[in-house]
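Order-wise, the sequence lines are chains A and B.
With positions in the first sequence counted from 1, the corresponding number in the numbering used here is that position plus 3.
With positions in the second sequence counted from 1, the corresponding number in the numbering used here is that position plus 3.
Quick caveat, the hints were computed from the structure, so don't treat them as lab data.
Fair warning: there could be bad hints in the mix.
[Unchecked claim] Taking lysine to aspartate or glutamate pairs in the EDC-like style, the calculated list, with each CA pair at most 20 Å apart, reads:
#	chain 1	residue 1	chain 2	residue 2
1	B	K95	A	E115
2	A	K95	B	D30
3	B	K95	B	E115
4	A	K95	A	E81
5	B	K95	A	D74
6	A	K95	A	D74
7	B	K95	B	E81
8	B	K95	B	E112
9	A	K95	A	E112
10	A	K95	A	D107
11	A	K95	B	D110
12	B	K95	B	D76
[What the hints assert, rightly or not] Sample of chain A residues with no beta-carbon within 10 Å of chain B, all distances over it, derived:
#	residue
13	D15
14	L61
15	E81
16	A84
17	G86
18	S92
[What the hints assert, rightly or not] A few chain A residues that don't get close to chain B, going by computed Cβ distances all over 12 Å:
#	residue
19	R8
20	L50
21	Q64
22	I68
23	V72
24	P94
25	R99
26	I101
27	E112
Nothing here was measured: the structure is a model prediction, and the numbers come from that model.
Just so it is clear, CB atoms sit at the ideal spot from N, CA and C, and this is done for glycine as well.
Okay, here's what each chain looks like letter by letter:
Protein chains: 2
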Amino acid sequence: MLRVRDLNRALDFYTNFLGLREVRRHDLGDATLVFLTDASGHYHLELTHNHDGRDYALGTQFGHIALHVDDLDAVVVEVEARGWWFRRSNPKNTTRYIFVHDPDGYDIEILEAKAPASTTT
Amino acid sequence: MLRVRDLNRALDFYTNFLGLREVRRHDLGDATLVFLTDASGHYHLELTHNHDGRDYALGTQFGHIALHVDDLDAVVVEVEARGWWFRRSNPKNTTRYIFVHDPDGYDIEILEAKAPASTTT
């Protein structure tokens with residue numbers, strides 16, 4: 004569960020850019036909870052929007068959310084079109100990825116790699 | 004990805020208590036990355052242990068990790084046996100859950116509910 008300041012901005016990022024879809028929404032009056040998943044449906048990412056306008060401290064302890072994509076170059080094209088900051092993986096790495104920030108400043112890693120279920124462990 | 008201060012304490016919590024299993028470990032010299040998953044294998048929880056003893060600020064923005072179990076009462080028995088703090092869901096809620104803290108203070112929600120993949124959306 005991630006707390007977000009602007010639900011519409013967050014949903015634009017997580018659905019229109021990252022491709023997740025909304026599967027459930029709870030309007031609690033003083034807060035709205037939105038549950039997202041990907042094509043697999045195997046997990047939920049919960050966004051919590053508190054309506055009282057409170058601010059948050061991101062801290063340094065939580066790291067990032069990582070997602071896998073088939074075509075990282077296509078993602079980079081879109082990130083550049085949107086004019087967002089991003090950081091590329093070291094070319095020496097066998098795994099290619101970029102880091103971007105979501106609208107609330109969370110680090111989001113986008114990897115060109117098979118999803119965890121397909122890895123040999 | 005979650006940053007942890009004491010890898011062994013964190014692994015005891017995430018594997019022995021929560022039942023996740025280690026699927027990959029990268030020793031980078033100045034840091035150790037451990038990837039965990041559950042029986043489904045559909046996601047990874049990455050624990051990062053930096054070896055320089057740095058401290059972290061938890062902040063207020065990241066919420067929690069949630070996991071589903073079949074038998075919450077059995078989990079409560081174990082939590083009580085370990086003498087840990089926990090908070091129960093409101094009895095009026097249709098979903099039963101508890102919140103505990105991992106060794107680094109992260110909020111962990113344990114729900115008695117079907118996993119996301121089984122929900123009707």
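Consistency of the hints with the structure:
Our distance criterion of 20 Å between C-alpha atoms is broken by K95 (chain B) and E115 (chain A), whose separation comes to about 44 Å. As the CA atoms of K95 (chain A) and D30 (chain B) are separated by approximately 17 Å, the hinted pair is consistent with the 20 Å bound. A threshold of 20 Å between alpha carbons decides the hint, and for K95 (chain B) with E115 (chain B) the separation of about 15 Å falls inside it, so the pair holds. Annotation: proposed proximity of K95 (chain A) to E81 (chain A) is violated, straight-line Cα distance about 24 Å (limit 20 Å).
Straight-line distance between C-alpha atoms of K95 (chain B) and D74 (chain A) comes to about 46 Å, which puts the hinted pair past the 20 Å bound. The suggested pairing of K95 (chain A) with D74 (chain A) holds, with an alpha-carbon distance near 19 Å, which does not exceed 20 Å. The suggested pairing of K95 (chain B) with E81 (chain B) is violated, with an alpha-carbon distance near 24 Å, which exceeds 20 Å. About 17 Å separates the Cα atoms of K95 (chain B) and E112 (chain B), which keeps this hinted pair within 20 Å; it holds.
Between the alpha carbons of K95 (chain A) and E112 (chain A) the distance comes to roughly 17 Å, so the proposed pair stays at or under 20 Å and holds. For the suggested pair K95 (chain A) and D107 (chain A), the alpha carbons sit about 30 Å apart, so the restraint of at most 20 Å is broken. The hinted pair formed by K95 (chain A) and D110 (chain B) fails the criterion: a straight-line CA distance of about 36 Å is larger than 20 Å. The straight-line distance between the Cα atoms of K95 (chain B) and D76 (chain B) is roughly 17 Å, inside the 20 Å bound, and the hint therefore holds.
The beta carbon of D15 (chain A) is kept farther than 10 Å from every beta carbon of chain B, the shortest such distance being approximately 19 Å. Its beta-carbon lying about 5 Å from the closest one in chain B, L61 (chain A) breaks the requirement of being farther than 10 Å from that chain. Against the 10 Å criterion, E81 (chain A) stays outside the reach of chain B, whose nearest CB is about 23 Å from its own CB. For A84 (chain A), the shortest C-beta to C-beta distance to chain B comes to about 27 Å, beyond the 10 Å cut-off, and the non-interface label holds.
Separation of G86 (chain A) from chain B is adequate, the least Cβ-Cβ distance of about 24 Å exceeding the 10 Å criterion. Every Cβ of chain B is farther than 10 Å from the Cβ of S92 (chain A); the closest lies at roughly 14 Å, confirming the non-interface assignment. Against chain B, the non-interface label of R8 (chain A) is violated: not every CB pair exceeds 12 Å, the least being about 9 Å. Its beta-carbon lying about 9 Å from the closest one in chain B, L50 (chain A) breaks the requirement of being farther than 12 Å from that chain.
The beta carbon of Q64 (chain A) is not kept farther than 12 Å from every beta carbon of chain B, the shortest such distance being approximately 4 Å. Distance to chain B contradicts I68 (chain A) as a non-interface residue, since its nearest Cβ pair spans about 8 Å, not more than 12 Å. Consistency note on V72 (chain A): stated as away from chain B, and its beta-carbon is indeed over 12 Å from all of that chain's, at 15 Å minimum. Once the 12 Å rule is applied to beta carbons, P94 (chain A) is consistent with being away from chain B; the minimum gap is 17 Å.
Listed as a non-interface residue, R99 (chain A) keeps its Cβ farther than 12 Å from every Cβ of chain B; the least gap is roughly 16 Å. Against the 12 Å criterion, I101 (chain A) stays outside the reach of chain B, whose nearest CB is about 15 Å from its own CB. Not every Cβ of chain B is farther than 12 Å from the Cβ of E112 (chain A); the closest lies at roughly 8 Å, contradicting the non-interface assignment.
This entry does not satisfy hints 1, 4, 5, 7, 10, 11, 14, 19, 20, 21, 22, 27, going by the numbered hints stated previously.
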